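*Asks:* The whole structure should be built from the sequences, with the hints applied where relevant.
Spelled out from the first residue to the last, the chains are:
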Amino acid sequence: MDSYYLIGMLILKGYERSRRIYNAMLCRGFKGRFYILEPYEFNASDWIFGIISLLFIAGLVVIQWIPTKLL
Amino acid sequence: MDTNKIIIILEGISFAYRGSSLIFDRFDFEFKQGDRIGLIGPNGSGKTTLFHIMIGLLKPMWGSVTAFGKTRIKEIDFREMRKDIGLLFQDADDQLFCPTATEDIAFGPLNLGKSHDEVREIVEHTLEILELKGF
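Note that the protein sequences, when read in sequence, are chains A and B.
Every letter in the first sequence is one number past the one before it in this note's numbering, and letter 63, counting from 1, is 63.
Whatever position you read off the second sequence (first residue = 1), add 71 for this note's numbering.
Be aware that one or more of the hints could be misleading.
[Stated by the list, open to error] Derived CB-CB ranges, DEER-like:
| hint | chain 1 | residue 1 | chain 2 | residue 2 | range |
| --- | --- | --- | --- | --- | --- |
| 1 | B | Gly157 | A | Glu16 | 57 to 67 Å |
| 2 | A | Ile52 | B | His196 | 38 to 48 Å |
| 3 | B | Leu183 | A | Val62 | 51 to 61 Å |
[To be verified] With a straight-line Cα cutoff of 30 Å, these simulated BS3-like cross-link-like pairs (lysine-lysine) come out:
| hint | chain 1 | residue 1 | chain 2 | residue 2 |
| --- | --- | --- | --- | --- |
| 4 | A | Lys69 | B | Lys154 |
| 5 | B | Lys118 | A | Lys31 |
| 6 | B | Lys141 | B | Lys185 |
| 7 | A | Lys13 | B | Lys118 |
| 8 | A | Lys31 | B | Lys154 |
| 9 | A | Lys31 | B | Lys204 |
| 10 | A | Lys31 | B | Lys103 |
| 11 | B | Lys154 | A | Lys13 |
| 12 | A | Lys13 | B | Lys130 |
| 13 | B | Lys185 | A | Lys31 |
| 14 | B | Lys154 | B | Lys204 |
| 15 | B | Lys141 | B | Lys130 |
| 16 | A | Lys13 | B | Lys145 |
| 17 | A | Lys69 | B | Lys103 |
| 18 | B | Lys118 | B | Lys204 |
| 19 | B | Lys185 | A | Lys13 |
The hints are simulated quantities; they were obtained by calculation from the structure and are not laboratory data.
Everything numeric in this text was worked out from a predicted model, so none of it was measured.
Heads up, the beta-carbon is just placed ideally off N, CA and C, and yes, glycines get one too.
*Replies:* Written as structure tokens, this is what we have:
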């Protein structure tokens, strides 16, 4: 029974706080867009990470195809 | 009467939260330049509500809000004036929602469309004033 109260209060308090924070954001000129101070860029390290991830996934697919007898 | 000196005028404001009786019933208020006003009232009498109506976080059911010589009706009207009016919430923690102080300070200027260099300057200056530099 008590856990219902806990979950209920959590949702309620979270909702109330979200409204207060939204108001605070409006007071500071929020127009529905988030601006980031340090913009992200897609650079070499992202390419490397992407390629390695793709190779890993491809590897998983290949392993899947190998008959279990051979393993 | 010198209207330039009046910053905020509330005229005939009526307001009620959903499902409750009127908190404001044709309420008039004038805030002049240089005024320092203390508002005293019991809990639930509408002190916070009044401030929220002034800056457009709550829209009155009737009546008008005039600030800096312009009647403010829609969200866009209020958006323009909010950069000139500061409102401190009951719980200041609600106004600090970014992971770092730098981002919190940068939030407003970025929303106003300032360039990244300008924002960085503002942040630096603000941190210096507050003696928060290096944290």
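*Asks:* Hinted pair, alpha-carbon criterion (30 Å max): lysine 141 of chain B, lysine 185 of chain B. Please report holds or violated.
*Replies:* 25 Å, holds
*Asks:* Verify the proposed pairing of lysine 118 of chain B with lysine 204 of chain B, using a straight-line Cα cut of 30 Å.
*Replies:* 35 Å, violated
*Asks:* Take a quick look at whether lysine 118 of chain B and lysine 31 of chain A sit within 30 Å of each other, Cα to Cα.
*Replies:* With Cα atoms ~27 Å apart, lysine 118 of chain B and lysine 31 of chain A stay inside 30 Å; holds.
*Asks:* Could you grab the alpha-carbon distance between lysine 154 of chain B and lysine 13 of chain A and see if it respects the 30 Å cut-off?
*Replies:* 29 Å, holds
*Asks:* Given the hint that lysine 141 of chain B pairs with lysine 130 of chain B, test it: the Cα-Cα distance must not exceed 30 Å.
*Replies:* 16 Å, holds
*Asks:* Does the Cβ-Cβ separation between glycine 157 of chain B and glutamate 16 of chain A fall within 57 to 67 Å?
*Replies:* 23 Å, violated
*Asks:* Would the pair lysine 13 of chain A and lysine 118 of chain B pass a check requiring their Cα atoms to be no farther apart than 30 Å?
*Replies:* The hint holds at about 22 Å.
*Asks:* Taking only the CA atoms, is the gap from lysine 31 of chain A to lysine 154 of chain B under or equal to 30 Å?
*Replies:* 13 Å, holds
*Asks:* Are lysine 69 of chain A and lysine 154 of chain B close enough, with their CA atoms no more than 30 Å apart?
*Replies:* 71 Å, violated
*Asks:* Between the alpha carbons of lysine 185 of chain B and lysine 31 of chain A, is the straight-line distance 30 Å or under?
*Replies:* 14 Å, holds
*Asks:* Given the hint that lysine 31 of chain A pairs with lysine 204 of chain B, does the C-alpha gap stay at or below 30 Å?
*Replies:* Within the cut-off at roughly 29 Å; holds.
*Asks:* Mind checking the alpha carbons of lysine 13 of chain A and lysine 145 of chain B for me, to see if they're no more than 30 Å apart?
*Replies:* 29 Å, holds
Violated hints for the displayed structure, listed by number in ascending order: 1, 4, 17, 18 and 19.
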